[in-house]
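Undergrad: First to last, the sequence lines map onto chains A and B. According to my numbering, the first sequence is numbered sequentially starting from 9. According to my numbering, the second sequence is numbered sequentially starting from 2.
If you're looking for bench data, these hints aren't it; they were derived computationally from the structure. Where hints are given, some of them may not hold.
What the hints assert, rightly or not - One side of the interface only, derived from the structure: several residues of chain B facing chain A at Cβ under 10 Å: (1) Tyr33; (2) Tyr37; (3) Gln43; (4) Val48; (5) Ile49; (6) Thr53; (7) Ser54; (8) Thr92; (9) Arg94; (10) Phe103; (11) Ser105; (12) Thr110; (13) Pro113.
What the hints assert, rightly or not - Pairwise CB distance ranges, derived in the manner of DEER restraints: (14) A:Asp71 with B:Leu112: 18 to 28 Å; (15) B:Ser42 with A:Arg49: 10 to 20 Å; (16) A:Thr28 with B:Glu17: 42 to 52 Å.
As the list claims (entries may be wrong) - Just a few of them, taken from the derived set where beta-carbon distance is under 7 Å, the chain A residues facing chain B: (17) Gly50; (18) Ser95; (19) Arg108; (20) Gly110; (21) Gly114.
Here a beta-carbon is modelled for each residue, glycine too, at the ideal position from N, C-alpha and C.
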Amino acid sequence: DAGVIQSPRHEVTEMGQEVTLRCKPISGHDYLFWYRQTMMRGLELLIYFNNNVPIDDSGMPEDRFSAKMPNASFSTLKIQPSEPRDSAVYFCASSPDRGRLGYTFGSGTRLTVV
Amino acid sequence: DAKTTQPNSMESNEEEPVHLPCNHSTISGTDYIHWYRQLPSQGPEYVIHGLTSNVNNRMASLAIAEDRKSSTLILHRATLRDAAVYYCILTPRSGSARQLTFGSGTQLTVLP
């Protein structure tokens with residue numbers, strides 16, 4: 009099992025550009041979570057999906073953020089337009105349930121917006 | 002939402018046991034206790050979880066107080082690779098996954 013796969017590992021972009029982060033969850037995991045981690049705010053849950061359907065997006069900071077899960081093996085988190093304050097590490101995680109049995113996290117995407 | 006309280010930092014010597022405490026005085030009867038750790042430049046990693054009874058796995062042991070208001074993660078022999086931030090989290094048996102929140106955790110330093 010390759011685990012949760014995120015790409016890219018690092019992304020540097022200019023303010024105003026569109027950024028797309030990608031995630032491949034573990035096969036068979038019905039839940040997918042997007043987190044953001046910063047020094048100031050720690051780990052924050054942005055949105056989570058169950059069976060490809062967004063369940064709770066109340067953590068998405070602004071309309072500039074959007075997430076999709078077109079199928080069980082792929083999800084994207086898009087920021088358009090990006091701003092310097094979006095700089096953070098973005099983690100994707102998957103779980104066979106809501107997390108009661110534990111999450112498996114990816115290695116993260118470190119986003120820097122200059 | 003039930004919250005957890007952990008010390009900001011702890012130190013341990015290599016090859017000695019480490020006891021990482023967590024207080025969760027507002028835990029409900031159906032909340033699971035989860036522990037994760039985050040090594041530098043990596044995503045959080047699941048360590049162990051339990052409900053009422055003590056639990057053991059290859060990574061660690063989890064000791065849960067009888068009243069469930071506190072728990073302790075036990076690393077039996079700390080190694081340098083165990084240096085990480087350790088998070089104690091409560092996971093409800095039902096309800097929204099948003100209730101699973103990460104606090105600031107305990108930064109464990111292992112001294113050679």
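Undergrad: Are the hints correct? Go through all of them and say.
TA: Against the structure, the hints come out as follows:
| no. | hint | in the structure |
| --- | --- | --- |
| 1 | Tyr33 | 6 Å, holds |
| 2 | Tyr37 | 8 Å, holds |
| 3 | Gln43 | 6 Å, holds |
| 4 | Val48 | 9 Å, holds |
| 5 | Ile49 | 9 Å, holds |
| 6 | Thr53 | 14 Å, violated |
| 7 | Ser54 | 16 Å, violated |
| 8 | Thr92 | 5 Å, holds |
| 9 | Arg94 | 6 Å, holds |
| 10 | Phe103 | 4 Å, holds |
| 11 | Ser105 | 6 Å, holds |
| 12 | Thr110 | 18 Å, violated |
| 13 | Pro113 | 26 Å, violated |
| 14 | A:Asp71 with B:Leu112: 18 to 28 Å | 48 Å, violated |
| 15 | B:Ser42 with A:Arg49: 10 to 20 Å | 18 Å, holds |
| 16 | A:Thr28 with B:Glu17: 42 to 52 Å | 46 Å, holds |
| 17 | Gly50 | 6 Å, holds |
| 18 | Ser95 | 16 Å, violated |
| 19 | Arg108 | 5 Å, holds |
| 20 | Gly110 | 4 Å, holds |
| 21 | Gly114 | 6 Å, holds |
In this structure, the earlier hints numbered 6, 7, 12, 13, 14 and 18 are contradicted, and the remaining ones agree with it.
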